[in-house]
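Student: Here is what each chain is made of, one letter per residue.
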Amino acid sequence: MANALDGIRVVDLTVWFQGPVAAQHLADFGAEVIHVERPKSGDQGRGVRSIKALPVGDWNQYFLVINRNKKSMALDLKTQAGRDIMYRLVERSDVFLSNLTADNLEGWQLTYEKLAAVNPRLVYATTTGYGHYGTTQKPSFDMTVQALTGLMSRLGEPDEPPIYLGMGSGDAYGGLMAAFAILLALHHREATGKGQMIDASLYGAQLFLAAPTLQAYLATGSTRYSRQQSRTAPLNPLWNTYPTRDRWVFLCVPNTDEGWRRLCRSLGAAAPATDPRFESAQKRRENATALVALLDEILRDQDAAEWMRRWRELGIVASPIANLAELAADEQVWANDYLMKTHCEEVQREVTIRGLPVRLSRTPGSVRSLGPELGQDTELILAETLGYSWDEIAELKAKGAIP
Amino acid sequence: MTKSLDGLLVVDLTVEFWGSIAAALLGDFGANVVRIDALGAPAAEPDDEPAPAWNARAELAQRNKASLAVDVMSEPGRAIVRALAAKADVVLTDRPFAQLQTLGFDYDSLAGLKPDLIYAQGSGFGPEGPDRALPALDELAAARTGMMPILPQPGRPPVYPGHGQMYTAVMLAFGVLAALRHRRRTGEGQQVDTSLLAGNMYGASLDLQAFLAIGGERFLHPISRLDAGNPMSGTMYMSEDGLWVTLTMPDTDRWWPAFAPLVDLAVDDPRFDSHEKRCGESRLEMMRVLEAAFRRRPAAHWRTVFLEKQLSADVIEDYAFPAADPQVYRNRYIVDLEHPSLGGVRSLGFPIFMSESPARLFRLAPCRGQHSFEVLHDILGYGEDEITALRDAGAIG
Chain X
1 MANALDGIRV
11 VDLTVWFQGP
21 VAAQHLADFG
31 AEVIHVERPK
41 SGDQGRGVRS
51 IKALPVGDWN
61 QYFLVINRNK
71 KSMALDLKTQ
81 AGRDIMYRLV
91 ERSDVFLSNL
101 TADNLEGWQL
111 TYEKLAAVNP
121 RLVYATTTGY
131 GHYGTTQKPS
141 FDMTVQALTG
151 LMSRLGEPDE
161 PPIYLGMGSG
171 DAYGGLMAAF
181 AILLALHHRE
191 ATGKGQMIDA
201 SLYGAQLFLA
211 APTLQAYLAT
221 GSTRYSRQQS
231 RTAPLNPLWN
241 TYPTRDRWVF
251 LCVPNTDEGW
261 RRLCRSLGAA
271 APATDPRFES
281 AQKRRENATA
291 LVALLDEILR
301 DQDAAEWMRR
311 WRELGIVASP
321 IANLAELAAD
331 EQVWANDYLM
341 KTHCEEVQRE
351 VTIRGLPVRL
361 SRTPGSVRSL
371 GPELGQDTEL
381 ILAETLGYSW
391 DEIAELKAKG
401 AIP
Chain A
1 MTKSLDGLLV
11 VDLTVEFWGS
21 IAAALLGDFG
31 ANVVRIDALG
41 APAAEPDDEP
51 APAWNARAEL
61 AQRNKASLAV
71 DVMSEPGRAI
81 VRALAAKADV
91 VLTDRPFAQL
101 QTLGFDYDSL
111 AGLKPDLIYA
121 QGSGFGPEGP
131 DRALPALDEL
141 AAARTGMMPI
151 LPQPGRPPVY
161 PGHGQMYTAV
171 MLAFGVLAAL
181 RHRRRTGEGQ
191 QVDTSLLAGN
201 MYGASLDLQA
211 FLAIGGERFL
221 HPISRLDAGN
231 PMSGTMYMSE
241 DGLWVTLTMP
251 DTDRWWPAFA
261 PLVDLAVDDP
271 RFDSHEKRCG
281 ESRLEMMRVL
291 EAAFRRRPAA
301 HWRTVFLEKQ
311 LSADVIEDYA
321 FPAADPQVYR
331 NRYIVDLEHP
341 SLGGVRSLGF
351 PIFMSESPAR
361 LFRLAPCRGQ
371 HSFEVLHDIL
381 GYGEDEITAL
391 RDAGAIG
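Those protein sequences? They're chains X and A, same order as listed. Each residue of the first sequence is one higher than the last, beginning at 1 in the working numbering. Each residue of the second sequence is one higher than the last, beginning at 1 in the working numbering.
Keep in mind that the hints were calculated from the coordinates and are not lab data. Ideal Cβ placement from N, Cα and C applies to all residues, glycine included. Careful: at least some of the hints might be erroneous.
Simulated crosslink set (DSS-like; lysine-lysine; CA at most 30 angstroms straight-line) [unchecked claim]:
1. X/Lys-78 with X/Lys-138
2. X/Lys-52 with A/Lys-114
3. A/Lys-309 with X/Lys-78
4. X/Lys-138 with X/Lys-40
5. X/Lys-52 with X/Lys-78
6. A/Lys-114 with X/Lys-40
7. X/Lys-114 with X/Lys-194
8. A/Lys-87 with A/Lys-114
9. X/Lys-283 with X/Lys-40
10. X/Lys-138 with X/Lys-52
11. X/Lys-138 with A/Lys-309
12. X/Lys-78 with X/Lys-399
13. X/Lys-78 with X/Lys-114
14. X/Lys-399 with X/Lys-114
15. A/Lys-277 with X/Lys-40
16. X/Lys-40 with X/Lys-399
17. X/Lys-52 with X/Lys-341
18. A/Lys-277 with A/Lys-309
19. X/Lys-283 with X/Lys-78
20. X/Lys-397 with X/Lys-341
21. X/Lys-399 with X/Lys-283
22. X/Lys-52 with A/Lys-277
23. A/Lys-87 with X/Lys-194
24. A/Lys-114 with X/Lys-138
Pairwise CB distance ranges, derived in the manner of DEER restraints [unchecked claim]:
25. X/Asp-58 with A/Leu-361: 22 to 28 angstroms
26. X/Asp-391 with A/Gln-310: 42 to 48 angstroms
27. X/Ala-383 with A/Leu-337: 34 to 40 angstroms
28. A/Ala-260 with X/Leu-54: 23 to 29 angstroms
29. X/Ala-102 with A/Val-305: 46 to 52 angstroms
30. X/Leu-54 with A/Gln-310: 27 to 33 angstroms
31. A/Leu-361 with X/Pro-120: 25 to 31 angstroms
32. X/Glu-306 with A/Pro-261: 56 to 62 angstroms
33. A/Pro-261 with X/Pro-120: 31 to 37 angstroms
34. A/Asp-251 with X/Ala-383: 43 to 49 angstroms
35. A/Pro-257 with X/Pro-254: 17 to 23 angstroms
36. X/Glu-345 with A/Pro-76: 57 to 63 angstroms
37. X/Asp-58 with A/Pro-261: 34 to 40 angstroms
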């Protein structure tokens, strides 16, 4: 079957998460992605040994999933011979993607100016920490940049510690933005014949990630959007998280009189249907804290399954709040390929991986292989893609450009 | 300066914030996006917030679009949408599957008029499976994703983060561009789909993938902040003035010589003198030591020394910080706008830099129906009399 990005070659000089995951989106849709790595230890992501103080186990899912569908080429860019190989590769590629520091790229003579001279049609993509312009100069990792955006400070109950959105949450967004930007630049190239330089930074992406509340904050300056808000004082007490006898649920009822009547019907005899404190939308908003306390008490009386049964009957929208184990067993995610099973060479068995979040009907993405072994495709790429003879390849080895 | 998506006609049939953002992203890069504003439809804003003077969210979600106001419940109104789709490169929607069928705006109906159409649809839970018809609410998708219970500290209520929908928005726009590439080469259109569930799951990337591979209770319940796997990575500590600092130095050996003296530790302190000790036998003790050390000085001190030593660590700020950060304005992540009726306002800008065909603000979010005449006349070739008649009949606004 045809792939949407057949014939696009991507040089993926990235490490850790944000850069590799950007190229993963392209690889899933059929781009030929060559992950270029240091000869000795490769991408630092290969070195991840534990997550949350737990050993990663016999397969390094951190590296193998975001580098799926890729080739690996080991290249020592500290040598001139290694850089010459890179130039020839860039000459024959459509995209160069890197999340190394600007100093690094400059030291190895891999700047935009240099590579655009080699290939004027090249899309040169970076995923910096803080943006293409400006003076901010410091290391950037997902969480330290998330800390600056303000995303973390607004979550959780008042006086609790800030909340991180999850491991790699910001990197994942920066990577997705970069993949989108690369396709924009390729589209532009079709019309104009010209390549260009693009950047999707961790800071820029995570500020956009904050849009649902940051945009309102920018308009109002109100701390309602920037500081922690208690679930006991919501704007709409009918649209809130609640504990039941066995677990939490998310109740999503608009604060209308009809919504209130329906909810009361589901609550049975305990319903405060005639309580004057809650008789209008405005009063329910004004007395939100009292209403949350009351609903906390009433809903604790039954299991979530019982509430969900009653709510479904009445057309009330709600969901139990699942954990990751329930997600992994959720029929819905399997029906849509959001999780998939694939063979893992490293351990010679089937493993479960994050699947395809975007699907195209005629040219669906696919997972053809998990991440490559370090340098597994080096010689083949040199010989077949770049046209080096076997004698030349031996010479490159002698010079230390390749292992 | 050129436009990345020059000449692309996009019909925006979205109603949700995130869906509209997907269409706006195409408009930001120069696509001609015509938004179908349904006449008589209820306001899209939630009813639980007092209406603000200026709808900032709409300003972001509807920028760089033309607005065509149509009564989609009337046959003449629907005929206009169909005529526009027949000329479009892309139709983008987040409406429920059943509603699209009823209106005749589903893929099969529109692709019948324009075989190479790219039809991009965002839903709540994907086009397959038993819950495909559930409402497209980010809250429901977040509740399903499994992260809400483990975001807070132990014993605290689950946390709804609210950002999952933003992954979905970009994924939808990304899918459109991938499909355009295929169309350029083969002439074939197709359907693109993603969902809020897919977006929330993608946002949970590493936690989810680690759970799938490793499993166990540690991924199902909150972990105390002082029980992190690595005291120097993914951790946060309170400073003297109550602000928090956070550290991400996963390969601790690299950072230790510069870091240890800042927190009043000797580099060769036998408790912490190797990565294995710091992340192993001395892990919990080290977090207690760091907890005390960070409390001895204010956040401003920590920022200064982190910067001086170029450590991967920072202060946890709130939105006031980026709103005042020159770096943010230099990169147009936030922009100052001149609004015709409100004067100076601030809005999120553009997360992507492009040297040749950058994002631009071509126009502010339109009023409903602001471009009805222009769209009908210039794109569909309707005469002035026809347009007046449609307006009189209430089919357009």
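Student: Note whether the CB distance of X/Asp-58 and A/Pro-261 lies within 34 to 40 angstroms or breaks it.
Tutor: This hint holds: roughly 39 angstroms between Cβ atoms.
Student: Per the hint of 23 to 29 angstroms, is the separation of the Cβ atoms of A/Ala-260 and X/Leu-54 within bounds?
Tutor: 26 angstroms, holds
Student: Under the criterion that the straight-line Cα-Cα distance not exceed 30 angstroms, is the pair A/Lys-114, X/Lys-138 satisfied?
Tutor: Answer violated: A/Lys-114 to X/Lys-138 is near 51 angstroms, above 30 angstroms.
Student: If you draw a straight line from the CA of X/Lys-114 to the CA of X/Lys-194, is it 30 angstroms or shorter?
Tutor: 15 angstroms, holds
Student: Holds or violated: A/Lys-87 with A/Lys-114, Cα cutoff 30 angstroms?
Tutor: 7 angstroms, holds
Student: Are the Cα positions of A/Lys-277 and A/Lys-309 separated by 30 angstroms at most?
Tutor: 23 angstroms, holds
Student: Assess, step by step, whether the Cα of X/Lys-52 is no farther than 30 angstroms from the Cα of A/Lys-277, and give holds or violated.
Tutor: Since the Cα atoms of X/Lys-52 and A/Lys-277 sit roughly 16 angstroms apart, the hinted pair holds (cutoff 30 angstroms).
Student: Tell me if the straight-line CA distance from A/Lys-277 to X/Lys-40 falls inside 30 angstroms.
Tutor: 25 angstroms, holds
Student: Are the Cα positions of X/Lys-399 and X/Lys-283 separated by 30 angstroms at most?
Tutor: Violated, at roughly 79 angstroms.
Student: Does the hinted range 31 to 37 angstroms hold for A/Pro-261 and X/Pro-120 at CB?
Tutor: 49 angstroms, violated
Student: Would you check the hint for A/Lys-309 and X/Lys-78, treating anything up to 30 angstroms between C-alpha atoms as holding?
Tutor: 26 angstroms, holds
Student: Regarding A/Pro-257 and X/Pro-254, is the given constraint of 17 to 23 angstroms on their beta-carbon distance met?
Tutor: Since A/Pro-257 and X/Pro-254 have Cβ atoms about 57 angstroms apart, the given range 17 to 23 angstroms is violated.
Taken one by one, the earlier hints fail for this structure at numbers 2, 5, 6, 9, 19, 20, 21, 24, 25, 27, 29, 33, 34, 35, listed in ascending order.
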